[in-house]
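Participant: Sequence:
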Amino acid sequence: MMISRRRTLRLAALGTAAALVSRPSSATGPSFATAKVRIGVLKFGTVSWALDTMKQHKFDTASGIDLEVIDFAGEDATNVAMLAGAIDMIVTDWLWVSRQRSEGVDLTLVPYSTAVGAIMVKEESPIRTIADLKGKKIGVAGGPLDKSWLLIQALARRDHGLDLPATSDIVFGAPPLISEKAMQGELDAVLNFWHFCARLEANGFRRLIGANDAAKALGASGAVSALGYVFHDEWANENPDAVRGFIKASAQAKDLLARSDDEWLRLAPIVRAQGEELAKLRDRYREGIPRRPIAEDAADAGRLYRVLAEIGGERLVGSAPEMAPGTFWQELPK
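In mature numbering (1 follows the signal peptide of the UniProt record, and there is no 0), the protein residues as written are -27 to -1, 1 to 307.
By construction, these hints were calculated from the structure, which means they are not laboratory data.
Keep in mind that this is a model prediction, so the values were computed, not measured.
Every residue, glycine too, gets a C-beta built ideally from N, C-alpha and C.
Certain hints may be false.
[What the hints assert, rightly or not] List time: in silico BS3-like cross-link candidates among lysine-lysine, alpha-carbon distance up to 30 angstroms:
#	residue 1	residue 2
1	K221	K253
2	K9	K110
3	K31	K221
4	K110	K221
5	K95	K31
6	K28	K221
7	K16	K154
8	K154	K109
9	K9	K189
10	K95	K107
11	K107	K31
12	K154	K28
13	K9	K95
14	K9	K154
15	K189	K109
16	K221	K9
17	K95	K189
18	K189	K221
19	K16	K28
20	K28	K9
21	K110	K154
22	K109	K253
23	K107	K16
24	K107	K189
25	K253	K31
26	K9	K31
27	K31	K16
28	K28	K253
29	K95	K110
30	K109	K95
31	K221	K95
[Said to hold, decoys possible] For each label pair, taking beta carbons as the anchor points, the in silico distance ranges come out as:
#	residue 1	residue 2	range
32	R245	E76	35 to 45 angstroms
33	Q303	A231	47 to 57 angstroms
34	G134	E97	39 to 49 angstroms
35	G248	D136	35 to 45 angstroms
36	P99	Q303	40 to 50 angstroms
37	G18	Q247	17 to 27 angstroms
Please model the complete structure; the sequences and the hints are all you need to start from.
Facilitator: If you want it as C-alpha coordinates, here you go:
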(Lines of atoms letter the chains of each structure in order from A and count residues from 1; the text may use other names and numbers.)
(Lines give C-alpha, C1' and ligand atoms only; values in the text may rest on other atoms or scores of the structure.)
Protein backbone atom coordinates (compact mmCIF):
# COMPACT_ATOMS: atom_id res chain seq x y z
CA MET A 1 0.00 0.00 0.00
CA MET A 2 2.88 2.34 0.85
CA ILE A 3 4.55 1.52 -2.48
CA SER A 4 1.34 2.31 -4.32
CA ARG A 5 1.10 5.62 -2.51
CA ARG A 6 4.70 6.51 -3.31
CA ARG A 7 4.23 5.63 -6.98
CA THR A 8 1.10 7.74 -7.21
CA LEU A 9 2.81 10.68 -5.54
CA ARG A 10 5.86 10.29 -7.77
CA LEU A 11 3.73 10.69 -10.88
CA ALA A 12 2.13 13.83 -9.46
CA ALA A 13 5.49 15.23 -8.35
CA LEU A 14 7.19 14.56 -11.66
CA GLY A 15 4.35 16.32 -13.42
CA THR A 16 4.97 19.35 -11.21
CA ALA A 17 8.74 19.20 -11.44
CA ALA A 18 8.65 18.96 -15.23
CA ALA A 19 7.42 22.53 -15.35
CA LEU A 20 10.25 23.77 -13.12
CA VAL A 21 13.76 24.77 -14.02
CA SER A 22 16.54 23.69 -11.68
CA ARG A 23 19.48 25.95 -11.05
CA PRO A 24 22.88 24.87 -12.33
CA SER A 25 24.55 22.52 -9.88
CA SER A 26 27.88 24.35 -10.05
CA ALA A 27 28.80 27.87 -10.97
CA THR A 28 31.86 27.20 -13.11
CA GLY A 29 33.96 24.34 -14.38
CA PRO A 30 34.23 20.75 -13.22
CA SER A 31 34.30 19.70 -9.59
CA PHE A 32 35.15 16.62 -7.59
CA ALA A 33 31.61 16.38 -6.22
CA THR A 34 30.37 12.82 -6.32
CA ALA A 35 27.19 12.70 -4.22
CA LYS A 36 24.05 14.15 -5.80
CA VAL A 37 21.61 16.11 -3.62
CA ARG A 38 18.39 17.50 -5.07
CA ILE A 39 16.76 20.04 -2.77
CA GLY A 40 13.36 21.58 -3.41
CA VAL A 41 12.78 25.12 -2.14
CA LEU A 42 10.22 27.89 -2.45
CA LYS A 43 11.38 30.17 -5.22
CA PHE A 44 11.66 33.32 -3.11
CA GLY A 45 12.07 31.69 0.31
CA THR A 46 14.71 32.50 2.91
CA VAL A 47 16.32 29.06 2.47
CA SER A 48 17.67 30.35 -0.84
CA TRP A 49 19.95 32.75 1.03
CA ALA A 50 21.98 29.95 2.61
CA LEU A 51 21.95 27.83 -0.54
CA ASP A 52 23.19 30.74 -2.64
CA THR A 53 25.99 31.31 -0.13
CA MET A 54 26.82 27.61 -0.24
CA LYS A 55 27.16 27.61 -4.02
CA GLN A 56 28.81 31.01 -4.34
CA HIS A 57 31.70 29.86 -2.14
CA LYS A 58 31.63 26.28 -3.45
CA PHE A 59 31.07 24.81 0.00
CA ASP A 60 28.97 22.14 -1.69
CA THR A 61 31.64 20.85 -4.05
CA ALA A 62 34.31 21.13 -1.35
CA SER A 63 32.12 18.87 0.80
CA GLY A 64 31.86 16.31 -1.98
CA ILE A 65 28.31 16.93 -3.13
CA ASP A 66 26.68 17.96 -6.39
CA LEU A 67 23.85 20.22 -5.20
CA GLU A 68 20.86 20.77 -7.47
CA VAL A 69 18.41 23.43 -6.27
CA ILE A 70 14.89 23.08 -7.67
CA ASP A 71 12.44 25.95 -7.28
CA PHE A 72 8.80 25.29 -6.44
CA ALA A 73 5.91 27.72 -6.38
CA GLY A 74 4.37 26.52 -3.12
CA GLU A 75 4.86 24.39 -0.03
CA ASP A 76 2.31 21.78 -1.08
CA ALA A 77 4.25 21.11 -4.28
CA THR A 78 7.51 20.58 -2.39
CA ASN A 79 5.80 18.24 0.07
CA VAL A 80 4.31 16.11 -2.71
CA ALA A 81 7.67 15.92 -4.49
CA MET A 82 9.37 14.91 -1.24
CA LEU A 83 6.86 12.16 -0.48
CA ALA A 84 7.15 10.89 -4.03
CA GLY A 85 10.95 10.70 -3.97
CA ALA A 86 11.21 13.13 -6.90
CA ILE A 87 13.64 15.20 -4.80
CA ASP A 88 15.96 14.29 -1.95
CA MET A 89 15.41 17.10 0.52
CA ILE A 90 13.14 20.01 1.47
CA VAL A 91 12.87 22.43 4.38
CA THR A 92 9.73 22.18 6.49
CA ASP A 93 8.58 21.91 10.11
CA TRP A 94 8.85 19.01 12.52
CA LEU A 95 5.10 18.77 13.11
CA TRP A 96 4.59 17.73 9.48
CA VAL A 97 7.51 15.30 9.69
CA SER A 98 6.14 13.75 12.89
CA ARG A 99 2.70 13.33 11.37
CA GLN A 100 4.18 11.64 8.30
CA ARG A 101 6.23 9.28 10.50
CA SER A 102 3.18 8.40 12.58
CA GLU A 103 1.49 7.40 9.31
CA GLY A 104 4.38 5.17 8.26
CA VAL A 105 6.49 7.49 6.10
CA ASP A 106 10.22 7.41 6.95
CA LEU A 107 10.89 11.17 6.95
CA THR A 108 13.31 12.76 9.40
CA LEU A 109 14.95 16.15 9.80
CA VAL A 110 18.11 18.01 10.72
CA PRO A 111 17.55 21.42 12.42
CA TYR A 112 17.73 24.33 10.00
CA SER A 113 16.46 27.41 11.87
CA THR A 114 15.00 28.47 15.19
CA ALA A 115 13.74 31.76 13.71
CA VAL A 116 10.00 32.09 14.29
CA GLY A 117 7.33 34.74 14.13
CA ALA A 118 6.26 37.25 16.73
CA ILE A 119 3.33 39.42 17.66
CA MET A 120 4.20 42.85 16.25
CA VAL A 121 2.67 46.20 17.16
CA LYS A 122 3.47 49.76 16.17
CA GLU A 123 6.09 51.43 18.33
CA GLU A 124 3.56 53.90 19.75
CA SER A 125 0.89 51.26 20.40
CA PRO A 126 -0.51 51.10 23.95
CA ILE A 127 -0.45 47.28 23.72
CA ARG A 128 2.26 46.07 26.13
CA THR A 129 1.30 42.50 27.14
CA ILE A 130 -0.64 39.57 25.72
CA ALA A 131 -3.54 40.56 27.99
CA ASP A 132 -3.80 43.87 26.11
CA LEU A 133 -4.73 41.96 22.95
CA LYS A 134 -8.22 41.32 24.30
CA GLY A 135 -10.76 42.92 22.00
CA LYS A 136 -8.14 43.95 19.45
CA LYS A 137 -8.01 43.22 15.72
CA ILE A 138 -5.16 40.77 15.16
CA GLY A 139 -3.79 39.70 11.80
CA VAL A 140 -2.38 36.17 11.66
CA ALA A 141 -0.31 34.69 8.85
CA GLY A 142 -0.14 30.94 8.37
CA GLY A 143 -3.72 30.05 9.22
CA PRO A 144 -5.49 28.89 12.40
CA LEU A 145 -3.17 25.88 12.86
CA ASP A 146 0.09 27.80 12.59
CA LYS A 147 2.47 26.64 15.36
CA SER A 148 3.36 30.15 16.48
CA TRP A 149 -0.28 31.16 16.72
CA LEU A 150 -1.15 28.07 18.75
CA LEU A 151 1.75 28.66 21.16
CA ILE A 152 0.71 32.29 21.68
CA GLN A 153 -2.86 31.13 22.33
CA ALA A 154 -1.70 28.49 24.82
CA LEU A 155 0.31 31.06 26.78
CA ALA A 156 -2.56 33.56 26.78
CA ARG A 157 -4.89 30.90 28.18
CA ARG A 158 -2.47 29.70 30.84
CA ASP A 159 -1.21 33.05 32.13
CA HIS A 160 -4.19 35.34 31.52
CA GLY A 161 -7.22 33.07 31.17
CA LEU A 162 -7.62 34.66 27.75
CA ASP A 163 -9.13 32.86 24.76
CA LEU A 164 -7.78 35.05 21.97
CA PRO A 165 -9.92 33.64 19.12
CA ALA A 166 -13.04 34.18 21.23
CA THR A 167 -12.22 37.61 22.65
CA SER A 168 -10.42 39.26 19.72
CA ASP A 169 -11.13 39.89 16.04
CA ILE A 170 -8.77 37.48 14.25
CA VAL A 171 -8.01 38.07 10.57
CA PHE A 172 -6.09 35.41 8.64
CA GLY A 173 -4.21 36.26 5.49
CA ALA A 174 -1.10 35.82 3.39
CA PRO A 175 2.09 37.18 5.03
CA PRO A 176 2.60 40.12 2.63
CA LEU A 177 -1.04 41.20 3.00
CA ILE A 178 -0.92 40.95 6.79
CA SER A 179 2.18 43.17 6.89
CA GLU A 180 0.64 45.66 4.46
CA LYS A 181 -2.52 45.96 6.54
CA ALA A 182 -0.42 46.46 9.66
CA MET A 183 1.56 49.26 8.00
CA GLN A 184 -1.70 50.90 6.93
CA GLY A 185 -2.97 50.83 10.51
CA GLU A 186 -5.89 48.50 9.75
CA LEU A 187 -4.76 45.96 12.37
CA ASP A 188 -3.89 46.51 16.04
CA ALA A 189 -1.33 43.69 16.09
CA VAL A 190 -0.03 41.03 13.72
CA LEU A 191 1.58 37.61 14.01
CA ASN A 192 3.72 37.05 10.95
CA PHE A 193 6.63 34.89 9.82
CA TRP A 194 10.04 35.91 11.17
CA HIS A 195 11.35 37.67 8.06
CA PHE A 196 8.20 39.75 7.68
CA CYS A 197 8.51 40.68 11.36
CA ALA A 198 12.11 41.78 10.79
CA ARG A 199 11.00 44.06 7.97
CA LEU A 200 8.28 45.51 10.21
CA GLU A 201 10.89 46.14 12.92
CA ALA A 202 12.80 48.27 10.45
CA ASN A 203 9.65 50.27 9.75
CA GLY A 204 8.40 51.44 13.12
CA PHE A 205 7.16 48.25 14.77
CA ARG A 206 8.25 46.44 17.93
CA ARG A 207 7.97 42.83 19.11
CA LEU A 208 5.34 42.22 21.76
CA ILE A 209 6.21 38.55 22.20
CA GLY A 210 7.91 36.01 19.99
CA ALA A 211 6.77 32.43 19.48
CA ASN A 212 10.11 31.30 20.95
CA ASP A 213 9.35 33.33 24.08
CA ALA A 214 6.01 31.53 24.34
CA ALA A 215 7.70 28.17 23.75
CA LYS A 216 10.17 28.75 26.59
CA ALA A 217 7.39 29.89 28.91
CA LEU A 218 5.53 26.66 28.08
CA GLY A 219 8.43 24.38 28.93
CA ALA A 220 11.15 24.53 26.26
CA SER A 221 14.65 24.85 27.70
CA GLY A 222 15.98 26.80 24.72
CA ALA A 223 15.23 28.01 21.23
CA VAL A 224 13.54 25.15 19.33
CA SER A 225 14.20 24.63 15.65
CA ALA A 226 11.01 25.54 13.85
CA LEU A 227 12.22 24.13 10.54
CA GLY A 228 14.60 21.45 9.41
CA TYR A 229 16.21 19.92 6.34
CA VAL A 230 13.90 16.96 5.71
CA PHE A 231 14.77 13.72 3.93
CA HIS A 232 13.91 10.02 3.93
CA ASP A 233 15.74 7.68 6.32
CA GLU A 234 16.13 5.24 3.45
CA TRP A 235 17.80 7.86 1.25
CA ALA A 236 20.17 8.87 4.08
CA ASN A 237 21.10 5.24 4.73
CA GLU A 238 21.79 4.65 1.04
CA ASN A 239 23.60 7.99 0.55
CA PRO A 240 25.48 8.76 3.79
CA ASP A 241 28.14 10.82 2.00
CA ALA A 242 25.44 12.98 0.41
CA VAL A 243 23.60 13.84 3.60
CA ARG A 244 26.75 14.38 5.66
CA GLY A 245 28.36 16.43 2.90
CA PHE A 246 25.27 18.61 2.68
CA ILE A 247 25.17 19.15 6.44
CA LYS A 248 28.84 20.16 6.40
CA ALA A 249 28.34 22.59 3.52
CA SER A 250 25.26 24.09 5.18
CA ALA A 251 27.18 24.65 8.41
CA GLN A 252 29.95 26.42 6.50
CA ALA A 253 27.46 28.68 4.75
CA LYS A 254 25.72 29.57 8.00
CA ASP A 255 29.05 30.23 9.71
CA LEU A 256 29.88 32.74 6.99
CA LEU A 257 26.46 34.38 7.26
CA ALA A 258 26.90 34.56 11.02
CA ARG A 259 30.14 36.52 10.88
CA SER A 260 30.32 38.38 7.56
CA ASP A 261 28.35 41.57 7.01
CA ASP A 262 29.86 41.77 3.53
CA GLU A 263 28.19 38.48 2.62
CA TRP A 264 24.83 40.02 3.46
CA LEU A 265 25.59 42.99 1.24
CA ARG A 266 26.30 40.54 -1.58
CA LEU A 267 22.97 38.81 -0.87
CA ALA A 268 20.99 42.07 -0.77
CA PRO A 269 19.48 41.67 -4.29
CA ILE A 270 18.30 38.15 -3.40
CA VAL A 271 17.03 39.19 0.03
CA ARG A 272 15.42 42.19 -1.63
CA ALA A 273 16.31 44.54 1.20
CA GLN A 274 18.82 47.23 2.00
CA GLY A 275 19.78 49.58 4.80
CA GLU A 276 17.94 49.03 8.08
CA GLU A 277 15.74 46.28 6.65
CA LEU A 278 18.74 44.27 5.52
CA ALA A 279 20.41 44.74 8.91
CA LYS A 280 17.31 43.54 10.79
CA LEU A 281 16.94 40.51 8.54
CA ARG A 282 20.63 39.71 8.98
CA ASP A 283 20.45 39.98 12.77
CA ARG A 284 17.27 37.92 13.12
CA TYR A 285 18.63 35.27 10.74
CA ARG A 286 21.77 34.99 12.84
CA GLU A 287 19.71 34.60 16.01
CA GLY A 288 17.91 31.70 14.32
CA ILE A 289 20.98 29.58 13.56
CA PRO A 290 20.68 26.39 15.68
CA ARG A 291 23.55 26.08 18.14
CA ARG A 292 22.70 23.30 20.58
CA PRO A 293 22.74 19.48 20.53
CA ILE A 294 20.04 17.89 18.41
CA ALA A 295 18.94 15.75 21.38
CA GLU A 296 18.02 18.90 23.34
CA ASP A 297 16.15 20.29 20.35
CA ALA A 298 14.22 17.05 19.93
CA ALA A 299 13.35 16.85 23.63
CA ASP A 300 11.93 20.37 23.63
CA ALA A 301 10.03 19.75 20.41
CA GLY A 302 8.46 16.71 22.10
CA ARG A 303 7.31 18.88 25.02
CA LEU A 304 5.84 21.49 22.68
CA TYR A 305 4.18 18.78 20.60
CA ARG A 306 2.01 17.87 23.57
CA VAL A 307 1.00 21.51 24.07
CA LEU A 308 0.21 21.91 20.38
CA ALA A 309 -1.67 18.61 20.21
CA GLU A 310 -3.88 19.70 23.08
CA ILE A 311 -4.87 22.99 21.50
CA GLY A 312 -4.70 22.03 17.79
CA GLY A 313 -6.21 18.58 18.10
CA GLU A 314 -6.38 15.95 15.38
CA ARG A 315 -6.56 18.57 12.63
CA LEU A 316 -2.99 19.44 13.51
CA VAL A 317 -1.32 16.20 14.59
CA GLY A 318 -3.66 13.43 13.52
CA SER A 319 -4.22 10.62 15.99
CA ALA A 320 -0.67 10.56 17.47
CA PRO A 321 -0.61 11.90 21.06
CA GLU A 322 3.22 12.15 21.11
CA MET A 323 5.84 13.29 18.61
CA ALA A 324 6.91 10.31 16.52
CA PRO A 325 10.30 8.77 17.46
CA GLY A 326 12.94 9.56 14.86
CA THR A 327 11.40 12.88 13.82
CA PHE A 328 14.81 14.45 14.50
CA TRP A 329 17.68 12.59 12.77
CA GLN A 330 19.90 11.02 15.38
CA GLU A 331 22.92 10.44 13.13
CA LEU A 332 23.99 14.09 12.97
CA PRO A 333 27.81 14.26 12.70
CA LYS A 334 29.51 15.52 15.84
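Participant: Of all the hints given earlier, name the ones this structure violates by number, lowest first.
Facilitator: 2, 4, 5, 9, 11, 12, 13, 14, 23, 31, 33 and 34
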